[in-house]
Amino acid sequence: SNTTLIKIILSYNSIGDVGALALAEALMYNDTLTGLELDDNDDISDIGASALVEALQSNATLTQLGLNDIDAIDTVLKRKIDRLMEINCEAKSEEEARRRKTTLRIGWMLDDEDEDEGEGGAR
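Those letters in the sequence shown? Residues 8 to 130, by our numbering.
Hints are computed from structural coordinates only; laboratory data are not their basis. Don't take every hint at face value.
DSS-like cross-link-like pairs, simulated, lysine-lysine; straight-line CA separation at most 30 Å [said to hold, decoys possible]:
| id | residue 1 | residue 2 |
| --- | --- | --- |
| 1 | Lys99 | Lys85 |
| 2 | Lys108 | Lys14 |
| 3 | Lys99 | Lys14 |
| 4 | Lys14 | Lys85 |
| 5 | Lys85 | Lys108 |
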């Protein structure tokens, strides 16, 4: 278990989706990392970003995530990441962050259902 590493800088390293997936998996279990810089890794796509969204839903300690200048990530995914990071920064405890994220996930699930119903009715 990591007890000393608090920030990882991997900007400009072409880690791609494979690297983002590995980092996302690690974030699900890590409770000491507070900063992760992935700026200018243009080969991270929605696949890697989706994995990061999933990881951030269970990670309450990361308060800084740099994803600047990655144009391949969908705007909706970027907004989800931003919202999850806001919760981590604003929460007074890990428990509060997890509770707020549960509420947020329910909202996202309801939004997804609304979109699916809208698409079904248009066919």
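Exercise for the section: Identify every previously stated hint that the structure contradicts and give their numbers, smallest first. Expected result: Of the numbered hints given earlier, the structure breaks none, since each of them holds.
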